[in-house]
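From these two lone chains plus the hints, build me the complex, please.
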Amino acid sequence: MPGELVAEITRMIEEPGLAATYRKGPDCALWQLIESAKLGDAAAFEEIMVRYQRRVVNTAWRMLGNREDARDAAQDVFLRVFKYLKSYRASEDFDGWLYRIIVNVCRDIARKRPPAALASYETERESGDLDVIGDRGDIEESAIQSEQRNMIVEALASLSTKEREALVLRDLEGLSTEEVARLLGSSQTTVRSQISSARKKIKIFRDRLMKQRRG
Amino acid sequence: MDCKYIENKVWLYVEGDLDHRKHEAASQHIRCCQQCAGLVEEARSSQEWLRSCKPGRFDEAFMDSVRRGARQRIAEQKSSRLEFAAMFSRVNWKPLIIACPVLLLICWVGFHRVIRTRSNSPNSTPVAVNDGSAPKHVGNKPDRLTENIVLVKDRSIKHHKRILKRVEPAPGVSVGARGEILASVETYQPPMRIEIQTADPNVRIIWFASPGDGPVPFGPEK
Numbered sequence: 002m003p004g005e006l007v008a009e010i011t012r013m014i015e016e017p018g019l020a021a022t023y024r025k026g027p028d029c030a031l032w033q034l035i036e037s038a039k040l041g042d043a044a045a046f047e048e049i050m051v052r053y054q055r056r057v058v059n060t061a062w063r064m065l066g067n068r069e070d071a072r073d074a075a076q077d078v079f080l081r082v083f084k085y086l087k088s089y090r091a092s093e094d095f096d097g098w099l100y101r102i103i104v105n106v107c108r109d110i111a112r113k114r115p116p117a118a119l120a121s122y123e124t125e126r127e128s129g130d131l132d133v134i135g136d137r138g139d140i141e142e143s144a145i146q147s148e149q150r151n152m153i154v155e156a157l158a159s160l161s162t163k164e165r166e167a168l169v170l171r172d173l174e175g176l177s178t179e180e181v182a183r184l185l186g187s188s189q190t191t192v193r194s195q196i197s198s199a200r201k202k203i204k205i206f207r208d209r210l211m212k213q214r215r216g
Numbered sequence: 053m054d055c056k057y058i059e060n061k062v063w064l065y066v067e068g069d070l071d072h073r074k075h076e077a078a079s080q081h082i083r084c085c086q087q088c089a090g091l092v093e094e095a096r097s098s099q100e101w102l103r104s105c106k107p108g109r110f111d112e113a114f115m116d117s118v119r120r121g122a123r124q125r126i127a128e129q130k131s132s133r134l135e136f137a138a139m140f141s142r143v144n145w146k147p148l149i150i151a152c153p154v155l156l157l158i159c160w161v162g163f164h165r166v167i168r169t170r171s172n173s174p175n176s177t178p179v180a181v182n183d184g185s186a187p188k189h190v191g192n193k194p195d196r197l198t199e200n201i202v203l204v205k206d207r208s209i210k211h212h213k214r215i216l217k218r219v220e221p222a223p224g225v226s227v228g229a230r231g232e233i234l235a236s237v238e239t240y241q242p243p244m245r246i247e248i249q250t251a252d253p254n255v256r257i258i259w260f261a262s263p264g265d266g267p268v269p270f271g272p273e274k
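These protein sequence lines map, in sequence, to chains A and B.
Note that my numbering has the first sequence beginning at 2, numbered continuously upward.
Note that my numbering has the second sequence beginning at 53, numbered continuously upward.
Isolated chain B, as found in the complex (with noise of 0.2 Å):
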């Protein structure tokens, strides 16, 4: 304890904000050092002219005024909620309700509108055909063949950008009304390679569909 920590905590030791431990190595160091005594002497006498600040003497016509303003304030929190309450009371809701729904039903249509819209527009996923051309855009209303690719991708594929591959159907092999791929045992012929690669180079999905006997539904499922 020395003069420097006094000088510190000096406010804090008069009020007896410190504690026990530290007040009492403090009062040590006081009783023996006269400079940090005046030091303690002075913050002493500043506290009691602090306290000796009475608050002027508020007399009774002043209380009076408080507890009228604060009843005024009071009622005129009442009467405003009362206020609010016949004014919400006053508006004619029934054109308001009817309108309600109204408005719902517009939002919904619109909302749809662009939904469809949207989906309307151009598809950004190329389709590229091992024919060694470039990729094409698959339009609105892709093909068959393009639809079940698509349908393909979809599902099996999720949060990757894929650029897909398809191998054109082999000699013999036709596609039906639906899309689905038709061989026969005459014009058997091997199986159809599909490859699907993926946005990462390292993964490319391949799988043989085999037309075997008959047709082979190979398009949207039933």
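Just chain A, with the same shape it has in the complex (with noise of 0.2 Å):
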């Protein structure tokens, strides 16, 4: 034992990123959770899925567009998370990690069903689980919400998969440029030229639909 703590003293010594997560308050309760799972801990496991469900699902959802697609990746990231856990080094940002993971599995459901983020919008308004999204209380502000996010479910689907990946880790997940670079794998400035692209296009998107809306 005594072997084992400084040669994880040593470590932390060596990766200052690795202190840094031992200092913070919050990640030392996560660091906890993860050394657990790693461990086979599958109380541990479960209360990281718990943690990061919403957030995974959200995303995924933002990528594909589809109820049913976010299910799929959401499970597909977790299966992942719990494979590669092992490899998971303490000094990493586990966000950062995860989000990795959640752009791949995005990546590999779209690629196996390419026109899905469109027809899915379709689906979903003629199952009707749009509604079930939506707010019960307020049945006309449910609706309006659900054809609103319909909208502009569309409009990502618009999107070539790169820009799409890069409008919504810095728009709508709200990291900064450089993040969303070291994520994706590409430069900054390539993610700039993408989002602003993005952007742009989302906003002619928008005023054709406003315009159809009102002819």
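Mixed in with the good hints there might be a few duds.
20 Å max Cα-Cα, derived SDA-like pairs, lysine to any residue [to be verified]:
#, chain 1, residue 1, chain 2, residue 2
1, A, Lys84, B, Arg96
2, B, Lys56, B, Lys74
3, A, Lys201, B, Arg96
Some chain B residues flagged as far from chain A (calculated, every beta-carbon gap over 12 Å) [as the list claims (entries may be wrong)]:
#, residue
4, Ser79
5, Cys84
6, Ile258
Label pairs and their computed distance ranges (CB to CB) [said to hold, decoys possible]:
#, chain 1, residue 1, chain 2, residue 2, range
7, A, Ala43, B, Met139, 24 to 32 Å
8, B, Ser141, A, Leu86, 26 to 34 Å
9, B, Leu157, A, Ser88, 19 to 27 Å
Hints are computed from structural coordinates only; laboratory data are not their basis.
Bear in mind that the values here come from a model prediction, so they are computed numbers and not experimental data.
Don't be surprised by glycine CBs; every beta carbon is placed ideally from N, CA and C.
Written out as structure tokens, the structure is:
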């Protein structure tokens, strides 16, 4: 045991990021959860899933624009987290690591079902799933929200995969350009160009939709 | 800073993606230019519209189904690993362990047969004699003297295609049973001249083998 402790302290000295992880209060609990999950503690892994499920589902839904695909992606994300948790190092940013998995899983799913993003909107509207998603308290409000959400999903679906990924991570998930570039494995200049183009396309799409509505 | 620049960079400007200096310059221009201020306003409104997209309210049942599905996939993966391990343990390895050396032996024998067949094929190196006759191919079993020359060729000149020339032993010089050149004091003759013409026409190797007193070994190394 003392040997392990010495090794751990040595590792902390060698890896400044790891020491920072130890210092941070909220991350300490997460680190403990991760370490327990690594050792095969099912309850710890369950806790990690509960902590991150909403973020994973929301990001996947924004990327794929489809409830069922989002569920599928979230399940796959947690499977990969379980699979690769042993290779995760405490010096890494867990959120960034998780986002990278989400992006990869969403890419895989989008590749398998290319037209899904656009088609899914129609499917959801037909099946009435969006009504379930919406606020049940106020039907009218729910309908407006649902309609707006559909429009945005359609707008996002009109973007290329790379543009959508950059836009979702930067504007909807609120990551910095630097973080997005790191996650997507691109340069900051490329990401800026992608998000600029994506924002422009979204505006054009929105203007067209507004015109159609008025017409 | 002009309107064209603002038009190009407005989407980066509204979200603060421009560096500080450019952002300040753009802000200064926008304050003075109504048209650019309008562009910025439109861009901001579009961004607000985009951000108004709140993901659907995924209720607890949905989240439960996500976790349940994930657990199921993890269990499936574990069981598939176990299945593979079980399949691995079910395999009867004894015959395979026995078969492997046999297969290796067969491969080794086959390989050697191929190598031997190739080495027995007619030698393509032409050997010319300086009597003016055309180059001739050395057969499967060259005579001793030819063998000597081939040996010298292989050791001394590498990486070149060679044409060998040989001078016949002078009168009075005989060739021994092992291919060595024999000469005696009585039958002294001038040294034997051996020439090797390399692939490079400017390079020719010439040396003189003197039989000297008694037998001079010029054959294979002992």
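Which of the numbered hints above does this structure break?
1, 9
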